[in-house]
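Those protein sequence lines, which keep their order, are chains A and B. Sequential numbering from 1351 applies to the first sequence in the working numbering. Sequential numbering from 700 applies to the second sequence in the working numbering.
Honestly, the hints are just simulated from the structure, not real lab data. All values derive from a computational prediction rather than experimental measurement. Don't take every hint at face value.
What the hints assert, rightly or not - Simulated crosslink set (DSS-like; lysine-lysine; CA at most 30 Å straight-line): (1) B/LYS740 x A/LYS1417; (2) B/LYS753 x A/LYS1392; (3) B/LYS740 x A/LYS1406; (4) A/LYS1392 x B/LYS714; (5) A/LYS1417 x B/LYS743; (6) A/LYS1392 x B/LYS750; (7) B/LYS740 x B/LYS777; (8) B/LYS743 x A/LYS1406; (9) A/LYS1461 x B/LYS740; (10) A/LYS1420 x B/LYS743; (11) A/LYS1392 x B/LYS777; (12) B/LYS740 x A/LYS1392; (13) A/LYS1352 x A/LYS1392; (14) B/LYS743 x A/LYS1392; (15) A/LYS1420 x A/LYS1352; (16) B/LYS743 x B/LYS753; (17) A/LYS1352 x B/LYS777.
To be verified - To give an idea of the chain A side of the interface with chain B (calculated C-beta under 8 Å), a few residues: (18) GLY1393; (19) LEU1396; (20) TYR1401; (21) GLY1447.
Said to hold, decoys possible - Far from chain A, by Cβ distances over 10 Å, these chain B residues were calculated: (22) VAL711; (23) ASP723; (24) ILE725; (25) GLU767; (26) LYS777; (27) LEU814.
Glycine included, each C-beta is placed from N, C-alpha and C at the ideal position.
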Amino acid sequence: QKEVEQDPGPLSVPEGAIVSLNCTYSNSAFQYFMWYRQYSRKGPELLMYTYSSGNKEDGRFTAQVDKSSKYISLFIRDSQPSDSATYLCAMSALAAGNKLTFGGGTRVLVKP
Amino acid sequence: EAGVTQFPSHSVIEKGQTVTLRCDPISGHDNLYWYRRVMGKEIKFLLHFVKESKQDESGMPNNRFLAERTGGTYSTLKVQPAELEDSGVYFCASSQTGGGYNEQFFGPGTRLTVL
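Just chain A, with the same shape it has in the complex:
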């Protein structure tokens, strides 16, 4: 069983819709929870990170972490065609040198 599970998609939504992404994990030692965006032939780019449980909002993006359920989410409001990309969840623990454990990524397509 993978440490981090993420639905591969693809997830296709019309422009302006809310995109909802999530990951589940098994390692309770994870402290930091990240969402990366990756465009084709590019490296992952950090969107948001959250420490421990809670919500965090940044513009159109909201990240949620529920450590009791080992479940994290990312919501993208008012989605744009430029949001079309692969979204990767990643997690880390300070004691493990902050090495990242990734989900497999979800492909998102926002149609104009």
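For this one, chain A is given, so just place chain B on it according to the hints.
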């Protein structure tokens, strides 16, 4: 400020040959990580340098892989001899050192194809 750079962007080699990948981290970043994405799988950790020292190499697949970081600056990852299953995209990331969370900045990756 320049980001993390990797060279080459793409390498195609025959099974049994040697390939060396290079990563130049962001200046001043003590932490350097190597990751790999094999087709159809998630990105996986390979190893972590702090300056020139290997902090964690638990993700290195086998002894055909050798990573170095000269003087705590750029890093190389050598695969010798390459096998078919080594094909994938190799990412390098760097971060600062400090308490708590430090963002890892990723390079564009090196796409390795072993024929």
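Outcome of the hint check:
1. Among the hinted pairs, B/LYS740 with A/LYS1417 is consistent with the structure: their alpha-carbon atoms are about 25 Å apart, no more than 30 Å.
2. At roughly 26 Å between alpha-carbon atoms, B/LYS753 and A/LYS1392 fall within 30 Å of each other, so this suggested pair holds.
3. Under the criterion of a C-alpha separation no larger than 30 Å, the hint pairing B/LYS740 with A/LYS1406 is consistent with the structure, at around 28 Å.
4. Pair hint A/LYS1392 plus B/LYS714 holds up; C-alpha atoms about 26 Å apart against a cutoff of 30 Å.
5. Restraint check for A/LYS1417 and B/LYS743: satisfied, since their Cα atoms lie roughly 22 Å apart, inside the 30 Å limit.
6. Annotation: proposed proximity of A/LYS1392 to B/LYS750 holds, straight-line Cα distance about 25 Å (limit 30 Å).
7. Our distance criterion of 30 Å between C-alpha atoms is met by B/LYS740 and B/LYS777, whose separation comes to about 22 Å.
8. With a CA separation close to 26 Å, the supplied pair B/LYS743 and A/LYS1406 stays within the 30 Å bound.
9. Between A/LYS1461 and B/LYS740, the direct Cα distance comes to roughly 26 Å. Compliance with the 30 Å bound is thereby established for this hinted pair.
10. A distance of roughly 20 Å separates the Cα atoms of A/LYS1420 and B/LYS743; the hinted pair therefore holds under the 30 Å criterion.
11. Distance hint between A/LYS1392 and B/LYS777 is fulfilled; the C-alpha atoms sit about 22 Å from each other, no more than 30 Å.
12. Annotation: proposed proximity of B/LYS740 to A/LYS1392 holds, straight-line Cα distance about 17 Å (limit 30 Å).
13. Restraint check for A/LYS1352 and A/LYS1392: satisfied, since their Cα atoms lie roughly 24 Å apart, inside the 30 Å limit.
14. This hinted pair checks out: B/LYS743 and A/LYS1392 have alpha carbons roughly 16 Å apart, not beyond 30 Å.
15. For the hint pairing A/LYS1420 with A/LYS1352, the CA-to-CA distance comes to about 13 Å; that is within 30 Å, so the pair holds.
16. Distance check on the hinted pair: B/LYS743 and B/LYS753 sit about 17 Å apart at the alpha-carbon level, within 30 Å; holds.
17. With a C-alpha separation of about 27 Å, the suggested pair A/LYS1352 and B/LYS777 falls inside the 30 Å cut-off, and the hint holds.
18. Checking A/GLY1393 against chain B: minimum C-beta separation of about 3 Å stays under 8 Å; hint holds.
19. Residue-level restraint check for A/LEU1396 holds (minimum Cβ-Cβ distance to chain B is 5 Å; threshold 8 Å).
20. For the restraint placing A/TYR1401 at the interface with chain B, the shortest Cβ-Cβ distance is roughly 6 Å, inside the 8 Å limit, so the hint holds.
21. Because the beta carbon of A/GLY1447 sits about 5 Å from the nearest beta carbon in chain B, less than 8 Å, this interface hint is met.
22. Interface exclusion of B/VAL711 from chain A stands, the closest Cβ pair being 16 Å apart, more than 10 Å.
23. Non-interface call for B/ASP723 relative to chain A: holds, since the shortest CB-CB distance, roughly 13 Å, exceeds 10 Å.
24. With a least CB separation of 12 Å from chain A, B/ILE725 remains clear of the 10 Å interface cut-off, as annotated.
25. Against the 10 Å criterion, B/GLU767 stays outside the reach of chain A, whose nearest CB is about 18 Å from its own CB.
26. In this structure B/LYS777 is separated from chain A by more than 10 Å, as the shortest Cβ-Cβ distance comes to about 21 Å.
27. Every Cβ of chain A is farther than 10 Å from the Cβ of B/LEU814; the closest lies at roughly 20 Å, confirming the non-interface assignment.
Of the hints listed earlier, there is not a single one the structure fails to meet.
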